[in-house]
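Trainee: Quick note, the sequences are listed as chains A and B, same order. Sequential numbering of the first sequence, starting at 10, is according to the numbering used here. Sequential numbering of the second sequence, starting at 10, is according to the numbering used here.
The hints are simulated quantities; they were obtained by calculation from the structure and are not laboratory data. Treat the hints with care, as some may be off.
With a cut-off of at most 27 Å between alpha-carbon atoms, the simulated DSS-like pairs for lysine-lysine come out as follows [claimed, not checked]:
| # | chain 1 | residue 1 | chain 2 | residue 2 |
| --- | --- | --- | --- | --- |
| 1 | A | Lys345 | B | Lys30 |
| 2 | B | Lys333 | A | Lys333 |
| 3 | A | Lys30 | B | Lys345 |
| 4 | A | Lys333 | B | Lys15 |
| 5 | A | Lys281 | B | Lys30 |
| 6 | A | Lys412 | A | Lys433 |
| 7 | B | Lys15 | B | Lys128 |
| 8 | A | Lys333 | B | Lys412 |
| 9 | A | Lys412 | A | Lys351 |
| 10 | B | Lys351 | B | Lys426 |
| 11 | B | Lys333 | A | Lys15 |
| 12 | A | Lys121 | A | Lys351 |
| 13 | B | Lys192 | B | Lys128 |
| 14 | A | Lys351 | A | Lys433 |
| 15 | A | Lys128 | B | Lys333 |
| 16 | B | Lys351 | B | Lys333 |
These numbers come from a predicted model, not from an experiment.
Spelled out from the first residue to the last, the chains are:
Number of protein chains: 2
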Amino acid sequence: MSNPLKLGLAGLGTVGVSVVKRLAQLENELATASGRAMRVTAVTARSRDKDRGVDLSACEWFDDPVSLATSEDVDVYVELMGGDSGAAEESVRAALAAGKHVVTANKALLAKHGNELAKLAEDNGVMLNFEAAVAGGIPIIKTMREGMTSNDISRVYGIMNGTCNYILTRMELEGLSFDECLKDAQRLGYAEADPTFDVEGNDTAHKLALLTSLAFGTEIEADSIFLEGITSLTTDDIRAADELGFRIKLLGVALRTDTGIEQRVHPTMVPKSSAIAQISGVTNAVAVDGDAVGSITMSGPGAGGDATASAVVADLVDVARDFKVYPLGRPVGELKPYVRAKMRAHEGGYYIRLSVNDRPGAFASIAHRMAEQDISLESIVQRRTNGHFTKTDDGGSAKASEKPQAVVLITYETTEKAIRMALKQIEEDGHIAATPQMIRIERL
Amino acid sequence: MSNPLKLGLAGLGTVGVSVVKRLAQLENELATASGRAMRVTAVTARSRDKDRGVDLSACEWFDDPVSLATSEDVDVYVELMGGDSGAAEESVRAALAAGKHVVTANKALLAKHGNELAKLAEDNGVMLNFEAAVAGGIPIIKTMREGMTSNDISRVYGIMNGTCNYILTRMELEGLSFDECLKDAQRLGYAEADPTFDVEGNDTAHKLALLTSLAFGTEIEADSIFLEGITSLTTDDIRAADELGFRIKLLGVALRTDTGIEQRVHPTMVPKSSAIAQISGVTNAVAVDGDAVGSITMSGPGAGGDATASAVVADLVDVARDFKVYPLGRPVGELKPYVRAKMRAHEGGYYIRLSVNDRPGAFASIAHRMAEQDISLESIVQRRTNGHFTKTDDGGSAKASEKPQAVVLITYETTEKAIRMALKQIEEDGHIAATPQMIRIERL
Numbered sequence: 010m011s012n013p014l015k016l017g018l019a020g021l022g023t024v025g026v027s028v029v030k031r032l033a034q035l036e037n038e039l040a041t042a043s044g045r046a047m048r049v050t051a052v053t054a055r056s057r058d059k060d061r062g063v064d065l066s067a068c069e070w071f072d073d074p075v076s077l078a079t080s081e082d083v084d085v086y087v088e089l090m091g092g093d094s095g096a097a098e099e100s101v102r103a104a105l106a107a108g109k110h111v112v113t114a115n116k117a118l119l120a121k122h123g124n125e126l127a128k129l130a131e132d133n134g135v136m137l138n139f140e141a142a143v144a145g146g147i148p149i150i151k152t153m154r155e156g157m158t159s160n161d162i163s164r165v166y167g168i169m170n171g172t173c174n175y176i177l178t179r180m181e182l183e184g185l186s187f188d189e190c191l192k193d194a195q196r197l198g199y200a201e202a203d204p205t206f207d208v209e210g211n212d213t214a215h216k217l218a219l220l221t222s223l224a225f226g227t228e229i230e231a232d233s234i235f236l237e238g239i240t241s242l243t244t245d246d247i248r249a250a251d252e253l254g255f256r257i258k259l260l261g262v263a264l265r266t267d268t269g270i271e272q273r274v275h276p277t278m279v280p281k282s283s284a285i286a287q288i289s290g291v292t293n294a295v296a297v298d299g300d301a302v303g304s305i306t307m308s309g310p311g312a313g314g315d316a317t318a319s320a321v322v323a324d325l326v327d328v329a330r331d332f333k334v335y336p337l338g339r340p341v342g343e344l345k346p347y348v349r350a351k352m353r354a355h356e357g358g359y360y361i362r363l364s365v366n367d368r369p370g371a372f373a374s375i376a377h378r379m380a381e382q383d384i385s386l387e388s389i390v391q392r393r394t395n396g397h398f399t400k401t402d403d404g405g406s407a408k409a410s411e412k413p414q415a416v417v418l419i420t421y422e423t424t425e426k427a428i429r430m431a432l433k434q435i436e437e438d439g440h441i442a443a444t445p446q447m448i449r450i451e452r453l
Numbered sequence: 010m011s012n013p014l015k016l017g018l019a020g021l022g023t024v025g026v027s028v029v030k031r032l033a034q035l036e037n038e039l040a041t042a043s044g045r046a047m048r049v050t051a052v053t054a055r056s057r058d059k060d061r062g063v064d065l066s067a068c069e070w071f072d073d074p075v076s077l078a079t080s081e082d083v084d085v086y087v088e089l090m091g092g093d094s095g096a097a098e099e100s101v102r103a104a105l106a107a108g109k110h111v112v113t114a115n116k117a118l119l120a121k122h123g124n125e126l127a128k129l130a131e132d133n134g135v136m137l138n139f140e141a142a143v144a145g146g147i148p149i150i151k152t153m154r155e156g157m158t159s160n161d162i163s164r165v166y167g168i169m170n171g172t173c174n175y176i177l178t179r180m181e182l183e184g185l186s187f188d189e190c191l192k193d194a195q196r197l198g199y200a201e202a203d204p205t206f207d208v209e210g211n212d213t214a215h216k217l218a219l220l221t222s223l224a225f226g227t228e229i230e231a232d233s234i235f236l237e238g239i240t241s242l243t244t245d246d247i248r249a250a251d252e253l254g255f256r257i258k259l260l261g262v263a264l265r266t267d268t269g270i271e272q273r274v275h276p277t278m279v280p281k282s283s284a285i286a287q288i289s290g291v292t293n294a295v296a297v298d299g300d301a302v303g304s305i306t307m308s309g310p311g312a313g314g315d316a317t318a319s320a321v322v323a324d325l326v327d328v329a330r331d332f333k334v335y336p337l338g339r340p341v342g343e344l345k346p347y348v349r350a351k352m353r354a355h356e357g358g359y360y361i362r363l364s365v366n367d368r369p370g371a372f373a374s375i376a377h378r379m380a381e382q383d384i385s386l387e388s389i390v391q392r393r394t395n396g397h398f399t400k401t402d403d404g405g406s407a408k409a410s411e412k413p414q415a416v417v418l419i420t421y422e423t424t425e426k427a428i429r430m431a432l433k434q435i436e437e438d439g440h441i442a443a444t445p446q447m448i449r450i451e452r453l
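Construct all of the structure, not just a fragment, from the sequences and the given hints.
Mentor: See below:
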C-alpha cells in the first residue's frame, strides 16, 4: 500500500466537520476500497479555538488557506470555505498550481472560474473534483462525467435548491403564502437570513452552469443564464396549477436547441405524474435525457452536512484510487464555446394568470391579442374572485361586476417572444388590473 | 495518446450491435474524454452471415469465444452472450486469466461466479466491469461502488425487472388479469416466450445479489435469496392495495438486520407517495439508504439495446481511463462472508387477503388466531363479493350467505414467523375458501 494521502482541509463548518468525522470513522473501509489510506494533516478555519467536537490535535493548523493549500504536507486540498473569489479562489488556484489535487463543494467558484481552474488542473496533471457542488449527496457529477459518457445529451434539468422546493411544497400542501413559508424555512434553518441567493435562483444557476458544461461539452457560462425566482408565486398559482394537473417547481433547465443552448432557471409547471413533480421538501432531483439511455432521474438530499460530506469523501476516494478524469469531462481545449440560445426563441407551453377587469369586451380583446401572436389556447379557466382565486366556479352566468376576475390560460406550444408581445399588448389595452403572471410549462 | 484500446466483442444481439454503433458514432468524443481511442478488433456470434446493419469488415471473426477472449489482438473482452455457464463463463475466465479486462452485462454469470471472477480479475490486475448487468442504463453500480463509498449502507431495494413492472402497471391501470397483461407483454417484446425467469423473480434476484455485495461488502450469495414471483397476484389485490393507499411492485430488497442480511424478492406493497411507487411500465429504479446521504433513488430504462449499450460503453470508457477499481468495491479477500438473516425473522407489516366462508364465528376465529400470534391489525376491510372484490361496501348489515367474502387485513409490524403460523392455523380452522394471499409491506 502506498503512503497515506495527506489532506489539507479549509473550512470547518458542518460539512468540514462531517468530512473529518467520516474519514476517521471509515478509515479502514476507505483504505481497503481505494488501496490507499487517507489522513487529514492540515486544517484552517476562521476560528482556531472553537470546539467542533472532533479531534484535530494531529493536524497542523494554518491561519492562511494559501499556505495550507501549498504545504508540502498536503497532497489534496479540500476547499469547503465557499465564496467565488478571495481566499477560496486564491487557495484553489495556488493548490492546483502547486500540483495538489483539489476537492471542493464550491459551486459559486466553479460557476465563475471553472474553465480556468479546470485548465490549471489539467496543466498540472492533478484532479479537480466537485461532486458536492451540485445536488449535495446525489452523485450527479459522476453520473454525467462517467456514467453517461456514451450519450448524446439533449437536456438536463432538476430541482437543485432545497430551500425553494421546501417553500413550494409547503405552499402547495398547506395553502400558505410565500412569505409565511419562507419564514418557516428560516426558522428551521432551511433558508438563510438573506434568502435572495436561493429564492431568486442564483444558487440553482451556479449548479446548472456546471451540469450544462458536462452535458454538452461546452465551456461553463453562468452569466448568461436566464433567471427568474419564486418570489412572485402566489397561492392562486399553486392552486390553479394543481387543478390543471401540474405542480410548480423551481427548475434549472439546460436544453440544446437549433440555435444554441438554453440555460434557464425559473418556476416551472410540471405534470403531476412526472418523476420531478414527486420531489418534495428539501430533496433535490436531477434528470438527464440522453439519446442512448433515455431519461435518467436521480433524487436525494441536496444539502446537509453529512450528505454533502458523503460527496466530498467519495471525491477523495476517487483521488486515492487515482481516477484521473478531466474536471469537465474532456480537456478544456476541446470544450466547445457556449452558444446561447436567446430566451425569446424559447418554445414551450405557458400558464398565464390575468386579473381581468370585468367589462364587456375584455375577454374578446385578450383572446384577440393571443390570436394575433398565433398563440393557441389549450384551456381557459375563468373564475369569479374576491381578490382570491377560489374553487367556486360561477361560470359565465354571473353578471359583470367591478371586481377583477382571475383568468387562467394554458397555451399550446408557442415562443417566449410571442407570449411577451401578447402580454405587453394586453397590459396596454387596459383590461387587466395587475401585472400578468406567466409560468413556463416544461415538456416531460 | 496511447495506442487504441482493442475490443473483442462476443454476442451481436441488440445490445452488441448497439455497442458497435455507438462506438463508431462517438469515436472522437470518447477518445477525447478518455484520452484513448477504442476500436472493435474482433467479434464472435452465433451466426456469421446475418446482416446486422453494422460494418464489421475491419474486425477479425472468431468462431470460438475463448479464442477471441485470449487473442493477442484484444485488450478488453466484451461479453454479451449471456448464460451463467458454458461459453460465457469459459471465455470470461480465459480472458481474465490472460490479463484482459472484461466488460459484461451478464448478471446470471456474476450472480453465480462473481466472487471467483472478481478474484481472478484482481489476481491478474485487470478490470471487471458490469454496469449493464443491473438496471440497464442506470449507472447504479458506479453509484454504489464509487459514489457512495463513504456511506454505511443499511438497505438497497429496487424495481429491477421491466417485464414485471410493465405487467403490474397494466394490471393497475386497466384492471386486467395477470395472464392478459403477460400476453400483451409477450406480444410487445417485453416478455420472453417462457416468462418464468422474469415473473418468478429470478432475474431480479441475480441483480439484487450483486447490489447486496456492493452495499454490504459481503460475498455474492444469490442462492439464498428468498424468492416469490408475481403470478399469484390478482386484480383484487391490486385494487385493494390502491384503496388502502399502496401500489404493488416486485421489489428486490437487501436489508441489514441484527442477525444478518435479508435478501428477498417478492411482490411488495409500497405507499403510493413513495418515489418507488411512481415507477411505471418497463422503467427500473433502485434506492439506496446510506447513513450519510440518506436515501438516493435512481430511475431510468432498465433494458433495451441502446440503454444497455450505454452502460457497456461507459464501462469501456472507464477501462480506457484506467479507472482501476476492485470489481466488488474492495478486494475479494476483504469481503465479509454473507450471513443470511432467516426469512422467518423478517419484520414488517403485512397485507392479508382471505376468502372467508360467511358463517357465524368465522371472523372471531380469524381475529383470535391473529391475536394468539401477537399480531395487531391496522385495518380490516370486509367486502361482500361474488367471486370479485368490488368497490361496493355492503358493510356488516348484509345477512350471512354461502358465498365467501373477501376480507383484507393490514397488520402492524410483526414477524414472518408469526404471520405464517397464524395463516396456517386459519387455514386449518376451515373458515376460508382459498389459500390466503399475503403480501409484504415495505417501510419507505
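Trainee: Lys128/A and Lys333/B were given as a pair; does the straight-line alpha-carbon distance stay at or below 27 Å?
Mentor: Roughly 24 Å separates the two Cα atoms, so the pair holds.
Trainee: Checking one constraint from the list: CA of Lys192/B to CA of Lys128/B, max 27 Å. Satisfied?
Mentor: Since the Cα atoms of Lys192/B and Lys128/B sit roughly 42 Å apart, the hinted pair is violated (cutoff 27 Å).
Trainee: Can the restraint linking Lys30/A and Lys345/B be considered satisfied, given a maximum Cα separation of 27 Å?
Mentor: Holds, because 24 Å separates the two Cα atoms, which is no more than 27 Å.
Trainee: When you check the alpha-carbon spacing of Lys281/A and Lys30/B, does it fall within 27 Å?
Mentor: Measuring from Cα to Cα gives roughly 36 Å; hence the hint is violated.
Trainee: Assess, step by step, whether the Cα of Lys333/B is no farther than 27 Å from the Cα of Lys15/A, and give holds or violated.
Mentor: Holds, at roughly 21 Å.
Trainee: Starting from Lys333/A, check that the Cα of Lys412/B is at most 27 Å away, please.
Mentor: violated, 70 Å
Trainee: Does the structure keep Lys345/A and Lys30/B at a Cα separation of 27 Å or less?
Mentor: holds, 24 Å
Trainee: Lys351/B and Lys426/B were given as a pair; does the straight-line alpha-carbon distance stay at or below 27 Å?
Mentor: holds, 10 Å
Trainee: Starting from Lys412/A, check that the Cα of Lys433/A is at most 27 Å away, please.
Mentor: Given pair Lys412/A, Lys433/A holds - Cα atoms ~22 Å apart, limit 27 Å.
Trainee: Going straight from one Cα to the other, do Lys333/A and Lys15/B come out at no more than 27 Å?
Mentor: Holds, because 21 Å separates the two Cα atoms, which is no more than 27 Å.
Trainee: Holds or violated: Lys351/B and Lys333/B, Cα atoms, limit 27 Å.
Mentor: Distance of about 36 Å is beyond 27 Å: violated.
Trainee: Run the distance test for Lys412/A versus Lys351/A: straight-line Cα separation, threshold 27 Å.
Mentor: Violated - the C-alpha atoms of Lys351/A and Lys412/A are around 38 Å apart, more than 27 Å.
Consistency note: the structure conflicts with the earlier hints numbered 5, 8, 9, 13 and 16.
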